[in-house]
Amino acid sequence: MSLLRSYNYQHGIKLTSMGLILAFTSQANANVEFEASGKVTAELRLFPESPQFSDQYQDVNTSVAVEPDFFWQWNDGLDSLTFKPFLRLDQHDNERTHADIRELSWIHQGDDWELRTGIQKVFWGVTEFQHLVDVINQSDSVEDIDGEDKLGQSMINLSLVKDWGIVDLYVLPGFREQTFPGKKGRLRSGMVVDTEQARYEASNNELHTDLAVRWSHSVGDFDVGAHWFRGTNRDPVLEMGTKNGEAILVPYYEQMNQFGFDLQATIESWLWKAETIWRDSKSDTYWAAQAGFEYTFYGVQESNADLGVLLEYGWDQRGKDASAVFQNDISIGARLALNDTSSTELLAGVIYDVDYDSSSFQVEASRRLGDKWKISVDGRFFSTDDNADLLSWMDKDDHIQIGLERYF
Amino acid sequence: MNLQLKPLSWILSALILGSASYATAESAEDKGLAIAQKTKQSDLGWRDMQAQMTMVLRNSQGQESIREIRLKSLEQETDGDKSLSIFDKPLDVKGTAFLSFSHPVGADDQWLYLPALKRVKRIASRNKSGPFMGSEFAYEDLTSFEIEKYTYKFLRNEPCGVEQCSVIEQYPIDKYSGYTRRISWIDQSEYRLHKIEFYDRKGAPLKTLTYDGYKQYLGKHWRPDLMKMVNHQTKKNTDLIWSDYRFKEGLNDADFNKNSLKRAR
Numbered sequence: 243m244s245l246l247r248s249y250n251y252q253h254g255i256k257l258t259s260m261g262l263i264l265a266f267t268s269q270a271n272a273n274v275e276f277e278a279s280g281k282v283t284a285e286l287r288l289f290p291e292s293p294q295f296s297d298q299y300q301d302v303n304t305s306v307a308v309e310p311d312f313f314w315q316w317n318d319g320l321d322s323l324t325f326k327p328f329l330r331l332d333q334h335d336n337e338r339t340h341a342d343i344r345e346l347s348w349i350h351q352g353d354d355w356e357l358r359t360g361i362q363k364v365f366w367g368v369t370e371f372q373h374l375v376d377v378i379n380q381s382d383s384v385e386d387i388d389g390e391d392k393l394g395q396s397m398i399n400l401s402l403v404k405d406w407g408i409v410d411l412y413v414l415p416g417f418r419e420q421t422f423p424g425k426k427g428r429l430r431s432g433m434v435v436d437t438e439q440a441r442y443e444a445s446n447n448e449l450h451t452d453l454a455v456r457w458s459h460s461v462g463d464f465d466v467g468a469h470w471f472r473g474t475n476r477d478p479v480l481e482m483g484t485k486n487g488e489a490i491l492v493p494y495y496e497q498m499n500q501f502g503f504d505l506q507a508t509i510e511s512w513l514w515k516a517e518t519i520w521r522d523s524k525s526d527t528y529w530a531a532q533a534g535f536e537y538t539f540y541g542v543q544e545s546n547a548d549l550g551v552l553l554e555y556g557w558d559q560r561g562k563d564a565s566a567v568f569q570n571d572i573s574i575g576a577r578l579a580l581n582d583t584s585s586t587e588l589l590a591g592v593i594y595d596v597d598y599d600s601s602s603f604q605v606e607a608s609r610r611l612g613d614k615w616k617i618s619v620d621g622r623f624f625s626t627d628d629n630a631d632l633l634s635w636m637d638k639d640d641h642i643q644i645g646l647e648r649y650f
Numbered sequence: 086m087n088l089q090l091k092p093l094s095w096i097l098s099a100l101i102l103g104s105a106s107y108a109t110a111e112s113a114e115d116k117g118l119a120i121a122q123k124t125k126q127s128d129l130g131w132r133d134m135q136a137q138m139t140m141v142l143r144n145s146q147g148q149e150s151i152r153e154i155r156l157k158s159l160e161q162e163t164d165g166d167k168s169l170s171i172f173d174k175p176l177d178v179k180g181t182a183f184l185s186f187s188h189p190v191g192a193d194d195q196w197l198y199l200p201a202l203k204r205v206k207r208i209a210s211r212n213k214s215g216p217f218m219g220s221e222f223a224y225e226d227l228t229s230f231e232i233e234k235y236t237y238k239f240l241r242n243e244p245c246g247v248e249q250c251s252v253i254e255q256y257p258i259d260k261y262s263g264y265t266r267r268i269s270w271i272d273q274s275e276y277r278l279h280k281i282e283f284y285d286r287k288g289a290p291l292k293t294l295t296y297d298g299y300k301q302y303l304g305k306h307w308r309p310d311l312m313k314m315v316n317h318q319t320k321k322n323t324d325l326i327w328s329d330y331r332f333k334e335g336l337n338d339a340d341f342n343k344n345s346l347k348r349a350r
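If you read the sequences in order, they're chains A and B. Under the numbering used here, the first residue of the first sequence is numbered 243, with each subsequent residue one higher. Under the numbering used here, the first residue of the second sequence is numbered 86, with each subsequent residue one higher.
Treat each hint with caution, since some may be false.
[To be verified] Under the rule of at most 30 Å between Cα atoms (straight-line distance), these lysine-lysine pairs were calculated in the BS3-like manner: (1) B:K203 <-> A:K614; (2) B:K333 <-> A:K404; (3) B:K123 <-> B:K305; (4) A:K404 <-> B:K203; (5) A:K425 <-> A:K485; (6) B:K320 <-> B:K238; (7) B:K313 <-> B:K300; (8) A:K614 <-> B:K343; (9) A:K614 <-> B:K174; (10) B:K125 <-> B:K260; (11) B:K238 <-> B:K116; (12) A:K404 <-> B:K343; (13) B:K116 <-> B:K300; (14) A:K614 <-> B:K320; (15) B:K174 <-> B:K203; (16) B:K238 <-> B:K280; (17) B:K320 <-> B:K203; (18) A:K614 <-> B:K313; (19) B:K174 <-> B:K300; (20) B:K313 <-> B:K260; (21) B:K280 <-> B:K333.
[What the hints assert, rightly or not] Some chain A residues judged to face chain B by a derived CB distance under 8 Å, without partners named: (22) D465; (23) N581; (24) D582; (25) L611.
Hints in this document: simulated from the structure, not taken from any laboratory. Where is the CB? At the ideal position from N, CA and C, for every residue including glycine.
Required output: the full structure, derived from the provided sequences and hints.
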């Protein structure tokens, strides 16, 4: 349900410059440049329906998130350090009140290589509604249900630039557990997931060191990527358990091997996209794919506005057994960008599950207010009848979300 | 600059220009093309350039909005230029970066880096006529000038300030261009653009761009400090203020790939 958000480059973003330059006097050439920036977001969620599960909060939730960004660079920009902590305070959900280090990394740049060491976020892939090949970082699922918010992952990443593409080698020491909403939270599974009881296949649990390799290249109209990942599966198997006599879910993290491939063809107004993975773990071996297109009408009706339409299909070999949401799903979306001074945008999308005849609808509108503020209004609506469908958990969780962002 | 490395068209243009004075019946089209070639040729050899762009957008009520962008570009011997733009303002797009490999003929290759998602996204370059960051500049107004993008017609000579200008009509080849034609004023002493008038798809006057504050860099390359774009139909205008021009600082292909795009900030 990661709705088109990635294209909308105004949407994510952050930071600001205070443009403070510190000159170290010890060495003439060792000028360190420092920049601090960041954003603060206030969020209001309104739920018109009473919750489906006991303990979940009613009606209204407020929340505040802070994400500063500190950046240093020296050695003529060949070395840099980024520190990006994150903190969210949530009115009702103790699990959603959380902190993370999104980034704390040192990057050293060579002639045709780059070494990135520390905690980072890495994005792989091309599709919009689901990110199958994007396996490096764990999802910060309490943030949003779209799977686009990620926890920082510790890594050593050597990136080599060759004539035949870019090769990234990753050593990933340590594992981050997926976050889950707490008892009082909305947008959660029927039974609460107790992360404190998390179990692992690896004998050294969350200390397992994972490995990954990715090759990516652009040839003419085509952008291609292929990867191999070996280590702890970011998606847990949820097993039945108890806590104080109450039924709960316990995440079990298996080891896995994954090969994946992604492709985008960019031809005139068309973007053709496909991602596929083959994943092998103790409980399952399967293929999954997400593929589709994006077509943009530029300057609609003689205006400055662009209208993009998207269609994607998601398939998972495990079918209805899959804990995946996109096992046989058609996603349709539209993005309207007015291209005005306020960068007004409207996104809408429907994900239709063919197996369960259920659907979720999402609409997002955003615009800049002045130079430093941004407002967004999102609506999410779920329609589901089959209790076997994972989406049925959110049947009563239709909501409107209003976000106000201030950038520094 | 090594002339032998240049594509054949430059040599041809030199021949055309060389023979121009002898030609008795040179057509207006040939003359327009020759001036365009001379314009491009007079600026060759800048190799790499970096500059700071500030855009001041004004609506019809005079309300202002600011954009700040850092630009790096790399000259290519046999292709369109490579460029990397890094957005500093407005703050909600800070850190967004844009990589473009332009081509004289056919679609440019373009990638956008979205820092919140750490995502590099290949984007369609078909959108030539759309507004750049809500300004009165269209994307096609900001891409590098390539001879092959237009056909030409010489109109007349006339004074432009203290200079004498050639007035050339240009017709975009690209069917997606937002213009039917552009009329440009190019001075005869240094081949600098002084003014461009843009005509929309219906042939009506749309915008006028004027260039100001030319300075010469490295004894050869003329660059303006100010480009003013006025939209006659919407009454909006945008000032593009250039500063901190730097040339030949040794940028190379490694500064214009997906890794450098992710690093840009």
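Here's how the hints hold up against the structure:
Between K203 of chain B and K614 of chain A the CA atoms are separated by roughly 22 Å; this keeps the pair inside 30 Å, and the hint holds. Among the hinted pairs, K333 of chain B with K404 of chain A is consistent with the structure: their alpha-carbon atoms are about 24 Å apart, no more than 30 Å. Distance restraint check for K123 of chain B and K305 of chain B: the Cα-Cα separation of roughly 14 Å lies within the 30 Å cut-off, and the hinted pair is therefore satisfied. With a C-alpha separation of about 21 Å, the suggested pairing of K404 of chain A with K203 of chain B holds against the 30 Å cut-off.
This hinted pair checks out: K425 of chain A and K485 of chain A have alpha carbons roughly 12 Å apart, not beyond 30 Å. Annotation: proposed proximity of K320 of chain B to K238 of chain B holds, straight-line Cα distance about 29 Å (limit 30 Å). Annotation: proposed proximity of K313 of chain B to K300 of chain B holds, straight-line Cα distance about 16 Å (limit 30 Å). For the hint pairing K614 of chain A with K343 of chain B, the CA-to-CA distance comes to about 29 Å; that is within 30 Å, so the pair holds.
For a cut-off of 30 Å, the pair hint linking K614 of chain A to K174 of chain B stands: about 9 Å separates their Cα positions. Proposed proximity of K125 of chain B and K260 of chain B is supported: the alpha carbons are some 23 Å apart, at most 30 Å. Using a Cα cut-off of 30 Å, the hinted pair K238 of chain B and K116 of chain B holds, with the two alpha carbons roughly 7 Å apart. Taken as a hint, the K404 of chain A and K343 of chain B pair is honoured in the structure, with Cα atoms around 12 Å apart against an allowance of 30 Å.
With a C-alpha separation of about 27 Å, the suggested pairing of K116 of chain B with K300 of chain B holds against the 30 Å cut-off. As the CA atoms of K614 of chain A and K320 of chain B are separated by approximately 26 Å, the hinted pair is consistent with the 30 Å bound. Our distance criterion of 30 Å between C-alpha atoms is met by K174 of chain B and K203 of chain B, whose separation comes to about 19 Å. Distance restraint check for K238 of chain B and K280 of chain B: the Cα-Cα separation of roughly 16 Å lies within the 30 Å cut-off, and the hinted pair is therefore satisfied.
Our distance criterion of 30 Å between C-alpha atoms is broken by K320 of chain B and K203 of chain B, whose separation comes to about 38 Å. Simply put, K614 of chain A and K313 of chain B have alpha-carbon atoms about 25 Å apart, close enough for the 30 Å limit, and the pair holds. Distance hint between K174 of chain B and K300 of chain B is fulfilled; the C-alpha atoms sit about 26 Å from each other, no more than 30 Å. Restraint check for K313 of chain B and K260 of chain B: satisfied, since their Cα atoms lie roughly 26 Å apart, inside the 30 Å limit.
Using a Cα cut-off of 30 Å, the hinted pair K280 of chain B and K333 of chain B holds, with the two alpha carbons roughly 27 Å apart. Below 8 Å, beta-carbon pairs count as interface contacts, and D465 of chain A has one with chain B at about 5 Å; its hint therefore holds. Taking 8 Å as the C-beta contact cut-off toward chain B, the hint placing N581 of chain A at the interface holds, the least distance being around 5 Å. Residue-level restraint check for D582 of chain A holds (minimum Cβ-Cβ distance to chain B is 5 Å; threshold 8 Å).
Among the interface hints, the one on L611 of chain A is violated; its C-beta lies about 10 Å from the nearest C-beta in chain B, farther than the 8 Å criterion.
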